[in-house]
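Novice: Numbered according to this note's numbering, the sequence shown spans residues 1015 to 1302.
Treat each hint with caution, since some may be false.
FRET-style restraints, in silico, Cβ to Cβ [as the list claims (entries may be wrong)]:
(1) 1218 with 1021: 46 to 56 Å
(2) 1063 with 1279: 22 to 32 Å
(3) 1084 with 1204: 31 to 41 Å
(4) 1038 with 1277: 38 to 48 Å
(5) 1214 with 1065: 15 to 25 Å
(6) 1115 with 1018: 18 to 28 Å
(7) 1101 with 1248: 17 to 27 Å
(8) 1181 with 1248: 18 to 28 Å
(9) 1249 with 1065: 19 to 29 Å
(10) 1156 with 1039: 32 to 42 Å
(11) 1249 with 1153: 43 to 53 Å
Keep in mind that the hints were calculated from the coordinates and are not lab data.
Even for Gly, the Cβ is constructed at its ideal location relative to N, Cα and C.
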Amino acid sequence: MNIIDRLKRKYVFLIHKYFQINQFEINKDYLKILQDEICIIRDNIPLDTSSWGNNRKEIRKAIIKGDLSDFINWDVIQRTMFFEAPRVEYETVMCNSVLSTAINESKVGNPKRYYLDMSTSGNLIHHAYSISQLLNNCDIRDFNKVIELGGGYGSMCRLFRNMNYFGKYIIYDLPEFSALQKFYLSSVDTKYTDNTVFSSDLNKLNDDNIRTLFIATWSFSEMSIELREQLLNYMTFDYCIIAFQEEFDGIDNVDYFNKFMNKYKHINFNITPIEHLRNHYYLVGTKK
């Protein structure tokens, strides 16, 4: 990063830290629904002491007691769901006519603006960059359903709605995050929750027989082999964009995904290293 970019980034950081530039009014009805849902989850689902068990505990507490107008800046969100895209990702996205018009950021949650373009955020650009790898090989009109594994706070789903994709969109996630996703997307625009399913129920993944895109950016690759196979038994897909790290928790993901590709004879696959993220890869699959 050159000195000018460093100064721009520092300026945006200071503006974001000391000035509330993304003010929005929280819908009290949506907030009550979210907090009531979290209380029910808290009272009925015990947690273990794993890292994700602790993350779930942290987000439960934050939703009930924290400031939802600034939730994207909570430590647990920044730590697990937010990534500041480098310049190369921004430049790639801006060369795509579909994606470049879909990355206007929302005020909801007070996301930090991107140092090269104050109309968007680094996280939204990163999502768009991942999808650009898919759109190099297919069109958004090629599929009728999206299954996203691990949907963060709902930003990827919002990106698809911004691209005028209003087909069925299923976000499979932990209950706490499903509740937050519903709050976020409703707060942005109620139409973004139309035809959107927020679920922790595997049975809802394959309730029809239509062309399906599977999205898993650093989520599927962080599951145990047993959980991966369980998930795949409940779903079918024709297209995919999977981002993964070379190794996770002792699992050789490169070896795993090379074997994974052999199971789907109706799909053309390609694994590409992410040059600016060492030991990370994209797996793109498109229907033959």
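Novice: Against this structure, judge whether each hint is valid.
Specialist: Hint check:
1. 1218 with 1021: 46 to 56 Å: Holds - the Cβ-Cβ distance for residue 1218 and residue 1021, about 48 Å, lies within 46 to 56 Å.
2. 1063 with 1279: 22 to 32 Å: For residue 1063 and residue 1279 the Cβ distance comes to about 42 Å; the hint is violated.
3. 1084 with 1204: 31 to 41 Å: violated, 22 Å
4. 1038 with 1277: 38 to 48 Å: holds, 45 Å
5. 1214 with 1065: 15 to 25 Å: For residue 1065 against residue 1214, whose Cβ atoms are near 18 Å apart, the range 15 to 25 Å holds.
6. 1115 with 1018: 18 to 28 Å: holds, 26 Å
7. 1101 with 1248: 17 to 27 Å: violated, 39 Å
8. 1181 with 1248: 18 to 28 Å: Hint holds: Cβ distance 20 Å, inside 18 to 28 Å.
9. 1249 with 1065: 19 to 29 Å: Given about 25 Å between the Cβ atoms, the range holds.
10. 1156 with 1039: 32 to 42 Å: The hinted range 32 to 42 Å holds for residue 1156 and residue 1039, with Cβ atoms some 38 Å apart.
11. 1249 with 1153: 43 to 53 Å: violated, 22 Å
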